[in-house]
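K.L.:
Sequence:
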Amino acid sequence: MSFESNLQDLKVFNSKVILSEEDKAKVKNLINLNDYNLEYHRVKKGVLDSYLHLRSSLLPKLSLPVLNLHLESLRRKNILLSIKEDAKKLITLNQYITHLIEEKKGPVDNLLDNLE
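Going by the working numbering, the first residue of the sequence shown is number 1245, and it counts up by one from there.
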């Protein structure tokens, strides 16, 4: 299941006034899945904020300081994943540009050698 589909399911559970034990288990499972996804996958900021708000309303039994620390940790991990992905793209782009420069440099060097 994707992060967004889990989020939709959590919204449905959040709209219920009373949760059965089975529903509570499903909610905990969905939250654990989305927490795992946050740790290892990039999530759009708006979706992340929506999830974190929903998560905090579904888990009122967690103490607020612990919840805030965990949510901040998840935000930071998501930002780090974004930075890592961007760095990989920049490295690839840098290698491509270096390759293009080397290709362009070759014919000019050959012309200069021929002039001498």
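Keep in mind that the hints were calculated from the coordinates and are not lab data. Yeah, the Cβ is synthetic: ideal placement off N, Cα and C, and Gly gets one too. Mixed in with the good hints, there may be bad ones.
[Claimed, not checked] Quick list of in silico lysine-lysine cross-link-like pairs, DSS-like style, CA-CA up to 25 Å: (1) Lys-1255 x Lys-1321; (2) Lys-1321 x Lys-1348; (3) Lys-1288 x Lys-1328; (4) Lys-1321 x Lys-1288; (5) Lys-1288 x Lys-1255; (6) Lys-1260 x Lys-1321; (7) Lys-1333 x Lys-1348; (8) Lys-1288 x Lys-1348; (9) Lys-1272 x Lys-1288; (10) Lys-1328 x Lys-1272; (11) Lys-1328 x Lys-1289; (12) Lys-1321 x Lys-1333; (13) Lys-1289 x Lys-1333; (14) Lys-1270 x Lys-1255; (15) Lys-1272 x Lys-1260; (16) Lys-1332 x Lys-1289; (17) Lys-1270 x Lys-1260; (18) Lys-1270 x Lys-1288; (19) Lys-1321 x Lys-1332; (20) Lys-1328 x Lys-1348; (21) Lys-1255 x Lys-1272; (22) Lys-1289 x Lys-1321; (23) Lys-1289 x Lys-1255.
[Claimed, not checked] The following label-pair restraints were derived from C-beta to C-beta distances: (24) Lys-1289 x Leu-1334: 18 to 26 Å; (25) His-1297 x Ala-1269: 20 to 28 Å; (26) Leu-1313 x Phe-1257: 48 to 56 Å; (27) Leu-1334 x Leu-1313: 41 to 49 Å; (28) Ser-1294 x Ile-1335: 48 to 56 Å; (29) Ser-1294 x Ile-1345: 58 to 66 Å; (30) Lys-1332 x Asp-1293: 20 to 28 Å; (31) Lys-1270 x Glu-1316: 25 to 33 Å; (32) Asn-1338 x Val-1261: 51 to 59 Å; (33) Asn-1273 x Leu-1344: 47 to 55 Å.
K.L.:
Does Lys-1289 lie within 25 Å of Lys-1332 when you go C-alpha to C-alpha?
P.N.:
Roughly 20 Å separates the two Cα atoms, so the pair holds.
K.L.:
Would the hint linking Lys-1328 and Lys-1348 be met if the CA-CA limit is 25 Å?
P.N.:
30 Å, violated
K.L.:
Between Lys-1332 and Asp-1293, does the beta-carbon spacing fit 20 to 28 Å?
P.N.:
25 Å, holds
K.L.:
Is the distance from the Cβ of His-1297 to the Cβ of Ala-1269 consistent with 20 to 28 Å?
P.N.:
At 22 Å between Cβs, range holds.
K.L.:
Would you say the C-beta atoms of Leu-1313 and Phe-1257 sit inside 48 to 56 Å of each other?
P.N.:
At roughly 24 Å between Cβ atoms, Phe-1257 and Leu-1313 fall outside 48 to 56 Å, so the hint is violated.
K.L.:
Could you grab the alpha-carbon distance between Lys-1260 and Lys-1321 and see if it respects the 25 Å cut-off?
P.N.:
31 Å, violated
K.L.:
Is 51 to 59 Å a correct range for the gap between the Cβ atoms of Asn-1338 and Val-1261?
P.N.:
55 Å, holds
K.L.:
State, for the Cβ atoms of Ser-1294 and Ile-1335, whether the hinted interval 48 to 56 Å holds or is violated.
P.N.:
Because 32 Å falls outside the window, the suggested range is violated.
K.L.:
Mind checking the hinted window 41 to 49 Å against the Cβ distance between Leu-1334 and Leu-1313?
P.N.:
Since the Cβ atoms of Leu-1334 and Leu-1313 sit about 31 Å apart, the hinted range of 41 to 49 Å is violated.
K.L.:
Run the distance test for Lys-1321 versus Lys-1288: straight-line Cα separation, threshold 25 Å.
P.N.:
13 Å, holds
K.L.:
Please verify whether Lys-1255 and Lys-1272 have alpha carbons no more than 25 Å apart.
P.N.:
13 Å, holds
K.L.:
Is the straight-line distance between the alpha-carbon of Lys-1288 and that of Lys-1255 25 Å or less?
P.N.:
Satisfied, since the Cα-Cα distance of roughly 17 Å is no more than 25 Å.
Taken one by one, the earlier hints fail for this structure at numbers 2, 6, 8, 10, 20, 26, 27, 28 and 29, listed in ascending order.
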